[in-house]
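Engineer: Chain by chain, the residues:
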Amino acid sequence: MTSRVMRAAAISSGCLAFLIALLCAVLTGSARAAGPNMGTEAQRESGKKLYLTYCSQCHGDAGDGEGYAASRLYPRPRNFTTGKFKVRTTPNGALPTHEDLVNIIKRGMPYTSMPAWPSLSDGQLSDLAYFITTFSPDFSDPEKAPKTVSLPGAPKSTKESIEQGKKLYAETGCDGCHGTLGRGDGPSAPTLVDDWGHPIRPADLTQRWTFRGGSSREDIFRTLSTGLNGTPMPSFLDALKDEERWAMTDFIDSLSESHDPGYTDLVVARHVLDPIDLTKGTAYFESARVARFPIIGQITEPVREFHPPTTSVTVQAIYDTESIALLVRWHDMSAQKTGKNGPSLPVPPEEEEGAPAPAAAGGAQAVTDPFAEEQPAPAAQASEFSDAVSIQVPSQVPTGARKPYFIFGDAQNSVDLWFFDLARPDPVQFTGRGSGNIAPNDTGDLTGVASYDQGEWSVIFKRPLRATSGAPFSPGQFMPIAFSVWDGLSRERGNRRGLTVWYSLYVEPETVPSAVGPMVKTALLILAIELAVIGWVRWRYGSRTRGEFGGKPTQPAATRA
Amino acid sequence: MNILVVLAVVAAFGLLRFGRVSLLVWAGAWWVGIYVLLRFGFTAPIPASVVSLYMGIVSIAILAYVSSSQERRDEISRPLVRFMTDKRYTAFLAATVVAIPALAAANVYVQMNVPLQPPLFSRTVHPASPSEITVHDKKIDLDAGENPFRHLEASSPTEFRTHVENGRKVYYRNCVFCHGDNLAGNGMFVHGLDPIPTNFTDKGTLPMLRETFLFWRIAKGGPGLPEEGGPWDTAMPAWEKFLKEEEMWEAILFLYDSTGQRPRAKEEAAK
Chain A
2 MTSRVMRAAA ISSGCLAFLI ALLCAVLTGS ARAAGPNMGT EAQRESGKKL YLTYCSQCHG
62 DAGDGEGYAA SRLYPRPRNF TTGKFKVRTT PNGALPTHED LVNIIKRGMP YTSMPAWPSL
122 SDGQLSDLAY FITTFSPDFS DPEKAPKTVS LPGAPKSTKE SIEQGKKLYA ETGCDGCHGT
182 LGRGDGPSAP TLVDDWGHPI RPADLTQRWT FRGGSSREDI FRTLSTGLNG TPMPSFLDAL
242 KDEERWAMTD FIDSLSESHD PGYTDLVVAR HVLDPIDLTK GTAYFESARV ARFPIIGQIT
302 EPVREFHPPT TSVTVQAIYD TESIALLVRW HDMSAQKTGK NGPSLPVPPE EEEGAPAPAA
362 AGGAQAVTDP FAEEQPAPAA QASEFSDAVS IQVPSQVPTG ARKPYFIFGD AQNSVDLWFF
422 DLARPDPVQF TGRGSGNIAP NDTGDLTGVA SYDQGEWSVI FKRPLRATSG APFSPGQFMP
482 IAFSVWDGLS RERGNRRGLT VWYSLYVEPE TVPSAVGPMV KTALLILAIE LAVIGWVRWR
542 YGSRTRGEFG GKPTQPAATR A
Chain B
157 MNILVVLAVV AAFGLLRFGR VSLLVWAGAW WVGIYVLLRF GFTAPIPASV VSLYMGIVSI
217 AILAYVSSSQ ERRDEISRPL VRFMTDKRYT AFLAATVVAI PALAAANVYV QMNVPLQPPL
277 FSRTVHPASP SEITVHDKKI DLDAGENPFR HLEASSPTEF RTHVENGRKV YYRNCVFCHG
337 DNLAGNGMFV HGLDPIPTNF TDKGTLPMLR ETFLFWRIAK GGPGLPEEGG PWDTAMPAWE
397 KFLKEEEMWE AILFLYDSTG QRPRAKEEAA K
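As they're listed, the protein sequences go chains A and B.
Counting from 1 along the first sequence, just add 1 to a position and that's the residue number in the numbering used here.
Counting from 1 along the second sequence, just add 156 to a position and that's the residue number in the numbering used here.
Chain A side only, calculated, beta carbon under 7 Å to chain B, not exhaustive: (1) Y69; (2) A70; (3) P295; (4) F479; (5) V502; (6) Y507; (7) L528; (8) Y542.
Calculated from the structure, these hints are not laboratory results.
For every residue, glycine included, the Cβ atom is placed at its ideal position computed from N, Cα and C.
From just these sequences and the hints, can you work out the full model?
Structural biologist: Laid out in structure tokens, this is it:
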């Protein structure tokens, strides 16, 4: 017995030793694999085929980010030859891991021309990532093999952590680029350029759905920890402790009102009792629901805008007995209150190509490192073009489905443009019969007020419900409505602008009928019918106790009465 | 037809047949059975208004049937009368008397609180093209015409590839913003567009269209659509403003080549 036990013990310890040896071998093996991880020749070859099919048009056959589509894209496609990648789990300046590359191809970058690639299999993504490593010699350098930084799991977000994050946000100087309220409007914002000299915009921290590296708390924490290589966004891995970076994450997490933009197709104008008074500003609009509409580039009429800096507007609407008023708000990193703008200003065709150059516009010094010592004070940015916004409604209430063309109307169906050049004190009205046919139509009906505060434009338009010219607004009616925004700093004017397609404005009737009355009426009516039927049946057949009814056919009641 | 639903209804009727249930149950079963068939039995959904029209007819038919003889009238009324008069059912009867008005009131509430819906325009996605268009002062016959580069596919494959590659460049410099990098109609501006851009990878789209039809839609864009296509809503540019005629034909070659699809052949002349 004992000898058998001992033998068993010997065998098991032998097994154990073997397992340990195996484990060691695996560990050393993987330690070696932590060197260059560039896949096999076959994988890279397969990746190359995919790259030439799907990626090279933007990133270039040579991986230099200079594909034939690149000049119309902003932010510019990544130049792979430098080994600088934005979204990584590795320290600032380091190469990304294989998984980092796979992840970014798979997820894409929101609000850029880099799409997600859900159609590619895991094997294909992996092959592509391996092929991308061939563009930079750094990937084959064992010294530069990427090591991931420690990214500990998320603690719970608390009021205290958000408060601490807010303090750190100011102390660390985040507001220099991202602005005090996180709207991407810090004083340095208009001067920033990436490592290749292209202008680059700091993230609007109040619109997390636009974050390039993803919008989860884990994504934000990773970006704070590793920075975005090739951009002015630094890593805070050494400057801040894990808890501090989590606190900052919680603060940034708290800046967006929602996780998603919540785009809608409808703005509801709410009735207000007091007469609308423009001098009271935006306070009036508190009762009105906020509608967010996506802004896209005007890429239908020449000269096109492929990358409008404004990605959405929020709109609220109210009306009193006389007038309707709309409040349009959007974020802009630098207000342009001088110069001029107009819906039909001509733009030379060559401005379609190439990234916007705000730094060139103002002649200010470009800043790649906003944290550098003795940083020159960013020069005031100025463009010859001012910021502007317009609301577009049909000149006549549409009958049936027919609407004017969504870009400034057409020859048969004109639109009214409520245009506000924000360098001027008042809005003006135009009649649009297509992009090439816009004429002033100032009846003096339109008034407005605009203000810029901490990275946000708030513009109020007010017009009589029944104006001397233009479609009347009537309660209970839907009206097509569209918006355009011009960013002066990006030299937007005329057709180069951000716009929306047609959406709807609904003028909510003053009193929304309550459902209680009809509900009670219906219920009482049905109850009365029920009681009448039961009463009649009981009267005819009498109330019975069990069994009396039997299985016999009912006798006609008349004989019993 | 949704076979599973049809089979389930048939099975339920079979069970009732062997269960020897009363006429009242049969009447109810026919009503419910036909409703289920109309509502869930068809793969393409039938509009609610049409369903309620049919159900009205069904209700009348059932009433006519059950009241067509004294025997049937008695068979129907007996259980109902028992339910309303028998003391055993008093509590159940009271509950029913309360429940029906409550449900009706709830229905009124739901009807009055439908979320606001902007008026809907149901556009025709691929309206008929004109038979001839003029692009850059040149008349293009859409009925009898062909893609001028298509014949190269057989006669000169290398030259054909050059044109496909030119088409790829045109696509990625112009179309990609809406139709997307993988041609699936999901470009970077798609969240701000209504109607949404065409998905070229869809098996039911490109193969159903002739190249000359695509040429018309590309050259004349949204504004070139007839009324039923909703020309005022679509952001599709009239590409003749930006592209040469050859570039548009080349882009069409690329669309078919990249998605591995074949254009629809020319219709045979009607005999």
